[in-house]
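J.: Listed in order, the protein sequences are those of chains A and B.
Be aware that the first sequence starts at 8, since it is given in this note's numbering, and climbs by one per residue.
Be aware that the second sequence starts at 61, since it is given in this note's numbering, and climbs by one per residue.
Just so you know, the hints here were simulated from the structure itself, not pulled from any lab data.
Here are some chain A residues pointing at chain B (derived, C-beta under 10 Å):
id: 1; residue: Q197
id: 2; residue: R313
id: 3; residue: F419
id: 4; residue: E420
id: 5; residue: I452
id: 6; residue: R508
id: 7; residue: F542
id: 8; residue: V547
All values derive from a computational prediction rather than experimental measurement.
We put the beta carbon where it would ideally sit given N, CA and C, even for glycine.
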Amino acid sequence: MERSWWWKAVLYGCAIILAGLYLVPTVVPEEKRPAFFKEHFTKRIQLGLDLQGGLHLVYEVNIDKAVSSKVDRLSNDIEDAVKKKSPDATVVREGRDDILVSFKNPAGLAGVDAEMLKPYRRDLDEISRDAAAGTLRLRYDPDRVAEVEELALRQAIETIRGRVDKFGVAEPTIIKKGTDIVVELPGLKQSDFERIKGIIGRTAQLEFKIVDDGSEYMKKLAATLPKDGPIKAEPESWTEKHSGQQHEDVFLRSKDRPGLEKFIAGLSGDLAVPPDRELALEEISPRDSGEAAPEKFYRTYLLKRRAGVTGEYLAMADATWDEMGRPEVSFTMNRQGSAMMEKLTGENVGRKMAIVLDEKITSAPVIESKIGERGRITMGGYGDPFKLQQEVKDLVAVLRSGALPAPLKKSFETQVGATMGQDSIDKAKFSMLIGAVAVVLFMLIYYRVAGFIANLAMLLNMLFMVSILAAFEASLTLPGIAGLVLTIGMAVDSNIIIYERIREELRHGKSPRTAVDAGFQRAFWTVFDAHVTNFVAGIVLYSYGSGPIRGFAVTLLVGIVSNLLTSVWMSRWMFDVLVSRRGSVAATLSI
Amino acid sequence: MAANQKFFEIIKPGIDLDFIGNQKYWIGASITLLLVTFLMLPINAYVIKGRGHMLNWGVEFRGGTEIVVDFAKPVEAGAVREALAAKGFENADVVKYGSAMERGSSNAFMIRLGPVSVLSPEQAKKVEVVLARVGDAVLKKFEFSEGGDKVYIRFDRAVEPTVLAAALKAAGTNTTDKGVQQFGPPQDHTYEATLVGMESEVRAALDAKLGAGAVTSIPQVSSVGSKAGKELQLDGIRALLGAILLIVVYIAFRFDFRYGPGTIVALLHDALLTVGAFAITYKEFSLTTLAAILTIIGYSMSDTIVVFDRIRENASRYRDRAFDRVVNHAINETLSRTILTSATVFFVTLAMNIFGTGVIRDFAFAMNVGVIVGTYSSIFIASPILIWLNEKYVAAQKRQAARPARRPVRRDEEEAVET
Numbered sequence: 008m009e010r011s012w013w014w015k016a017v018l019y020g021c022a023i024i025l026a027g028l029y030l031v032p033t034v035v036p037e038e039k040r041p042a043f044f045k046e047h048f049t050k051r052i053q054l055g056l057d058l059q060g061g062l063h064l065v066y067e068v069n070i071d072k073a074v075s076s077k078v079d080r081l082s083n084d085i086e087d088a089v090k091k092k093s094p095d096a097t098v099v100r101e102g103r104d105d106i107l108v109s110f111k112n113p114a115g116l117a118g119v120d121a122e123m124l125k126p127y128r129r130d131l132d133e134i135s136r137d138a139a140a141g142t143l144r145l146r147y148d149p150d151r152v153a154e155v156e157e158l159a160l161r162q163a164i165e166t167i168r169g170r171v172d173k174f175g176v177a178e179p180t181i182i183k184k185g186t187d188i189v190v191e192l193p194g195l196k197q198s199d200f201e202r203i204k205g206i207i208g209r210t211a212q213l214e215f216k217i218v219d220d221g222s223e224y225m226k227k228l229a230a231t232l233p234k235d236g237p238i239k240a241e242p243e244s245w246t247e248k249h250s251g252q253q254h255e256d257v258f259l260r261s262k263d264r265p266g267l268e269k270f271i272a273g274l275s276g277d278l279a280v281p282p283d284r285e286l287a288l289e290e291i292s293p294r295d296s297g298e299a300a301p302e303k304f305y306r307t308y309l310l311k312r313r314a315g316v317t318g319e320y321l322a323m324a325d326a327t328w329d330e331m332g333r334p335e336v337s338f339t340m341n342r343q344g345s346a347m348m349e350k351l352t353g354e355n356v357g358r359k360m361a362i363v364l365d366e367k368i369t370s371a372p373v374i375e376s377k378i379g380e381r382g383r384i385t386m387g388g389y390g391d392p393f394k395l396q397q398e399v400k401d402l403v404a405v406l407r408s409g410a411l412p413a414p415l416k417k418s419f420e421t422q423v424g425a426t427m428g429q430d431s432i433d434k435a436k437f438s439m440l441i442g443a444v445a446v447v448l449f450m451l452i453y454y455r456v457a458g459f460i461a462n463l464a465m466l467l468n469m470l471f472m473v474s475i476l477a478a479f480e481a482s483l484t485l486p487g488i489a490g491l492v493l494t495i496g497m498a499v500d501s502n503i504i505i506y507e508r509i510r511e512e513l514r515h516g517k518s519p520r521t522a523v524d525a526g527f528q529r530a531f532w533t534v535f536d537a538h539v540t541n542f543v544a545g546i547v548l549y550s551y552g553s554g555p556i557r558g559f560a561v562t563l564l565v566g567i568v569s570n571l572l573t574s575v576w577m578s579r580w581m582f583d584v585l586v587s588r589r590g591s592v593a594a595t596l597s598i
Numbered sequence: 061m062a063a064n065q066k067f068f069e070i071i072k073p074g075i076d077l078d079f080i081g082n083q084k085y086w087i088g089a090s091i092t093l094l095l096v097t098f099l100m101l102p103i104n105a106y107v108i109k110g111r112g113h114m115l116n117w118g119v120e121f122r123g124g125t126e127i128v129v130d131f132a133k134p135v136e137a138g139a140v141r142e143a144l145a146a147k148g149f150e151n152a153d154v155v156k157y158g159s160a161m162e163r164g165s166s167n168a169f170m171i172r173l174g175p176v177s178v179l180s181p182e183q184a185k186k187v188e189v190v191l192a193r194v195g196d197a198v199l200k201k202f203e204f205s206e207g208g209d210k211v212y213i214r215f216d217r218a219v220e221p222t223v224l225a226a227a228l229k230a231a232g233t234n235t236t237d238k239g240v241q242q243f244g245p246p247q248d249h250t251y252e253a254t255l256v257g258m259e260s261e262v263r264a265a266l267d268a269k270l271g272a273g274a275v276t277s278i279p280q281v282s283s284v285g286s287k288a289g290k291e292l293q294l295d296g297i298r299a300l301l302g303a304i305l306l307i308v309v310y311i312a313f314r315f316d317f318r319y320g321p322g323t324i325v326a327l328l329h330d331a332l333l334t335v336g337a338f339a340i341t342y343k344e345f346s347l348t349t350l351a352a353i354l355t356i357i358g359y360s361m362s363d364t365i366v367v368f369d370r371i372r373e374n375a376s377r378y379r380d381r382a383f384d385r386v387v388n389h390a391i392n393e394t395l396s397r398t399i400l401t402s403a404t405v406f407f408v409t410l411a412m413n414i415f416g417t418g419v420i421r422d423f424a425f426a427m428n429v430g431v432i433v434g435t436y437s438s439i440f441i442a443s444p445i446l447i448w449l450n451e452k453y454v455a456a457q458k459r460q461a462a463r464p465a466r467r468p469v470r471r472d473e474e475e476a477v478e479t
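For reference, chain A alone in the conformation it holds in the complex:
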């Protein structure tokens, strides 16, 4: 036996063992897997959306709107600054990017000098200045536009991720594609589709709302509650530090969030929440409340519906730690925001201000004194510190970059119910099985021992394909299965091309060994060319396709590579075993 034969045996053996190892996490359920795999081989094939059901959404990010509102804000700032100097000035917006400043008295234009524009130098370019007419045109810097676009996209992705994570979807995929955002939520229950779509598409973010304490409404509501129901009314009180004034309030508490939400939604008639108020919930973890009760609970706040200040006015947000070492978010408001915040907090010293994030109260501290440009958001709960920090980071990502709202427009949606998924799996499995069995039988009958080698090569091909897919953590979709079946077809084709060639050589009177040599050698380029062309088609499919088509392209590409390996090289090696046994040469070949 030739020396290279042994080398190949070792090489192929290693490849098969490695492929087998990669396959284990996909095939063996988690609890039965030895610890070794949990450390080294964790990647596995995910089932695609069409197989396990779920939601596939594509959103366009309305970038124009993001840019436009940024320019809006700059325009407001400029207006404030210019009007301080000359009240007869007008500042208007033109198009998406332009700000036009004009003066009744052209001389006023001189007041808008480099000094005044200095804070905006980074953002605005001076396009034209007409001293005679008293007009000045400023344009939002194109670099900034690009920056805003990029930030809007990134922020949108972060926001969506944060919201989806809170919803507890197992393996969400949220990726950027051009200026679109693709969201895939496999395994999502159909009953949640509508809700999560609402949550993802929502553009509201951070709001500061004043708590309406001591209201008659809450007292009235509390009085109607049964004593031992799941929802209890509880009084609270606090004293204003400086004036010593007492504040008293009543709130509702419950351990059951949906129950409490349902109760609030069901309030009507006399007990309906006043139109300018709303009842919002905060999650209280046991240690926050200083109680021994191990369970977290939810409490209500009666809020003034109109937000005093919103996240629009954020200038900066950072992850910091509070005095107890818990991660929190500290933020800085921009000029306009600080003014509004000062006004809001100044008028409401002693009351509570709720920090509302995506309609949930994150905290509601008492306003002890006027707050200016800085503030903090503490994350509720004493959960896992690592997770808490992650949450803080996510929040910072959302709040940063001026918290621009870039509205999302849904451009593509596919919902697949789980039943549909299971049904499709069964059918696909069945059709694949029938196809595979027919092919295997055919090869055995038609080519006998050689057919057995072909089938073995096909089996190895499947092993490699599936383990490569697992190593990439690819998700298996219906078109992906179609790709797998197609690969079987290609594997068969390669074998038939080679075998027919070997038969021809045998007919010409060659010995099995030389026939195998010649057959493989001559057929190789044919097989190779056929694979390359298919590979090319696969690459085009991958680069132009989306979702399901990509899944197909991935399996096709992986299949082509592993097919070359198994049908050409590995089966060649098996033929070598067959035709040249140690010391002797086989006289016949069953093909």
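Fit chain B to the supplied structure of chain A, relying on the hints for placement.
T.: Frame of chain A, contents of chain B only:
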């Protein structure tokens, strides 16, 4: 020696059918089929009433909403259409859904609707008029983009979201109380209204007409904005042309110029005839179909390559024979492989066509057609073009030079194999 070894053969090795001699009939047949394809497109669009499009574009290309609805009891497609029309969903496409085998037992329907969102542009205009004044507030801006599920409304002063939601409801749109909220800075007085999804509307419409609980489930919903649809259509054509171009470049690199045109024509032939099959059957032409066509192109290409490879090999071996005889011989020599491979792929995809569902079935149908035309085209389209080009350029040159053939028709690797 194994020279007399018996093999299990379907196509005997000595086979010698005259493919090339009869080529004009085959080419004639192809041209007829291509003509049928080209005729079928406008016939679909303008003549046949139920069709109305050149191809039955899937929702990805057409834009719109596609909903699969499962009914508790058997219902007539007509009744579904009526129920939808009663709620304002005019011109809904309603077809039975499921594979051929289940069609008898399943009560599922595929409903295809033009719009993506509940609000049509005309309705949006109406809503705008109704909202002109809400309480004291005067409408400043009403923003709605077709295909979106949101409306942006700007007033000159603050409006309570609940009040606005009520006004929107009164105007005939469907939104929940929570669906309206403030958007952007408070002093902008801009509100964002999220509209209720299409499938809830459809379900309500069907339940209203066919009795509550008539709809057991909505297993699948897809919607695509019309802009995204157009882009996908363009992408698809680009992908098709890109793939063909790359493949041809590869062929030009591996073979020589005479082999190129035949393969291009064969590929286009296969792609077009598969499209033709979709035009005639009016099966849905979706992204998956496009993937299948690209696969067919790759597959047909490898089929052509196998034949061409043999032609190239034989052409250098039998230089004294007429080129068309060499081609015919090569086709016969590879016939066994061609038939075996095509038959296995055909039967595997046939199994998928019969037993699979949805996407798999569409894919398999395209593959079934493609395998047949792909095999056919390598023999009856690509090879005659190769002969014709050889006749026109190489053979003519030879005759002019009035010398024995000097030009080797092969590449280095061939030589390596020969030795």
